[in-house]
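Peer 1: Top to bottom, those sequences are chains P and L.
Just so we're aligned, residue 5 is where the first sequence starts under this note's numbering, counting upward by one.
Just so we're aligned, residue 4 is where the second sequence starts under this note's numbering, counting upward by one.
Everything labelled a hint here was simulated from the structure, so no lab data went into it.
As the structure is a computational prediction, the values presented were derived from the model and not from experiment.
All residues carry an ideal CB built from backbone N, CA and C; glycine is no exception.
A portion of the hints provided could be inaccurate.
Stated by the list, open to error - Ranges between beta-carbon positions, derived for each pair:
#1 R145/P x L34/L: 17 to 25 Å
#2 R23/L x Q116/P: 27 to 35 Å
#3 G85/P x R36/L: 21 to 29 Å
#4 M39/P x L39/L: 13 to 21 Å
#5 R23/L x K88/P: 47 to 55 Å
What the hints assert, rightly or not - Calculated pairs, SDA-like style, for lysine to any residue (alpha carbon to alpha carbon, straight line, at most 25 Å):
#6 K156/P x G29/L
#7 K156/P x R62/L
#8 K156/P x T42/L
#9 K156/P x I32/L
#10 K156/P x D20/L
#11 K156/P x E27/L
#12 K88/P x R69/P
#13 K156/P x L54/L
#14 K88/P x D18/P
#15 K156/P x I22/L
#16 K156/P x L60/L
#17 K156/P x A44/L
#18 K156/P x E24/L
#19 K156/P x Y28/L
#20 K156/P x Q61/L
#21 K156/P x R59/L
#22 K156/P x V26/L
#23 K156/P x A37/L
#24 K156/P x R58/L
#25 K156/P x R64/L
#26 K156/P x Q51/L
#27 K156/P x R49/L
#28 K156/P x I30/L
#29 K156/P x D31/L
#30 K156/P x M39/P
#31 K88/P x P72/P
#32 K156/P x A40/L
Here is what each chain is made of, one letter per residue.
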Amino acid sequence: MNGGFTDLLERLVDAGVGFVIVGGYAGIVHGCTYMTQDVDICCDFAPANLLALQRALSDLRPVHRMTPGRVPLELTAANAGEFKNLYLDTDLGHLDCLSEIHGVGGYEQVRQASVPIEVEGRALRVLSLDALIAAKEAMNRPRDREALRQLKAVRQLRREGGAD
Amino acid sequence: MTTQPEQPKPPESPQPDAIREAVEYGIDISLLRANLALTPAERMRRYQFALDRMRRLQRARFL
Numbered sequence: 005m006n007g008g009f010t011d012l013l014e015r016l017v018d019a020g021v022g023f024v025i026v027g028g029y030a031g032i033v034h035g036c037t038y039m040t041q042d043v044d045i046c047c048d049f050a051p052a053n054l055l056a057l058q059r060a061l062s063d064l065r066p067v068h069r070m071t072p073g074r075v076p077l078e079l080t081a082a083n084a085g086e087f088k089n090l091y092l093d094t095d096l097g098h099l100d101c102l103s104e105i106h107g108v109g110g111y112e113q114v115r116q117a118s119v120p121i122e123v124e125g126r127a128l129r130v131l132s133l134d135a136l137i138a139a140k141e142a143m144n145r146p147r148d149r150e151a152l153r154q155l156k157a158v159r160q161l162r163r164e165g166g167a168d
Numbered sequence: 004m005t006t007q008p009e010q011p012k013p014p015e016s017p018q019p020d021a022i023r024e025a026v027e028y029g030i031d032i033s034l035l036r037a038n039l040a041l042t043p044a045e046r047m048r049r050y051q052f053a054l055d056r057m058r059r060l061q062r063a064r065f066l
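Whole structure, please, built from the sequences with the hints as guidance.
Peer 2: Okay, structure coming up:
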């Protein structure tokens, strides 16, 4: 256990949640040096998977951080199918759960475009560097263009050095 | 009316050099190289350490 995002992700793995690390934190995993305050995952939004996610976070006081009054996360079998994204705050940090990634697709496409990594003996999946670049190019916000400079440099360094 | 000789095609532009562009933008490539020497798990640990330290400084109002 390392605290923060790593613990958060390990909890999801241990609870059997189907997810892929995406967004800025995926860039960190690939070697970028910028900072991000949250971790983004693309996950299967099937009710069973979301309920597993809720169980994994249950003692971390998860709330919908973008709702007025920061409403607690209270998914049920009846309402779990109503969400497209979940923007959560927990005791271990911000966790954004997305059902699809612009430029890549839904969870199944994102999973197919992901690569495995091992953290503390657990198998996680992270969006591949090429797919992450495609996603950032599709979003094309100023912060995406910032990240793209690093991501493309990382890709070239890997190709030239045969790294990772 | 004269026919213009066929113009030679311009050479294909080379692939953009992402490293040069990053350096010109101010990105420290040596830090990227150092990160690539680590495993993904090591990158995550170091990032968490840096983030925790930044948050402590923010709470102490140094940032």
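Peer 1: Against each hint, give a clear statement of whether it holds in the structure.
Peer 2: Results for each hint:
no., hint, verdict
1, R145/P x L34/L: 17 to 25 Å, "holds, 24 Å"
2, R23/L x Q116/P: 27 to 35 Å, "holds, 33 Å"
3, G85/P x R36/L: 21 to 29 Å, "violated, 46 Å"
4, M39/P x L39/L: 13 to 21 Å, "holds, 18 Å"
5, R23/L x K88/P: 47 to 55 Å, "violated, 40 Å"
6, K156/P x G29/L, "holds, 14 Å"
7, K156/P x R62/L, "violated, 34 Å"
8, K156/P x T42/L, "holds, 19 Å"
9, K156/P x I32/L, "holds, 12 Å"
10, K156/P x D20/L, "holds, 9 Å"
11, K156/P x E27/L, "holds, 14 Å"
12, K88/P x R69/P, "holds, 15 Å"
13, K156/P x L54/L, "holds, 23 Å"
14, K88/P x D18/P, "holds, 23 Å"
15, K156/P x I22/L, "holds, 8 Å"
16, K156/P x L60/L, "violated, 31 Å"
17, K156/P x A44/L, "holds, 21 Å"
18, K156/P x E24/L, "holds, 9 Å"
19, K156/P x Y28/L, "holds, 13 Å"
20, K156/P x Q61/L, "violated, 31 Å"
21, K156/P x R59/L, "violated, 31 Å"
22, K156/P x V26/L, "holds, 12 Å"
23, K156/P x A37/L, "holds, 16 Å"
24, K156/P x R58/L, "violated, 28 Å"
25, K156/P x R64/L, "violated, 35 Å"
26, K156/P x Q51/L, "holds, 23 Å"
27, K156/P x R49/L, "holds, 21 Å"
28, K156/P x I30/L, "holds, 12 Å"
29, K156/P x D31/L, "holds, 14 Å"
30, K156/P x M39/P, "holds, 17 Å"
31, K88/P x P72/P, "holds, 18 Å"
32, K156/P x A40/L, "holds, 17 Å"
Against the hints set out earlier in the document, violations occur for numbers 3, 5, 7, 16, 20, 21, 24, 25.
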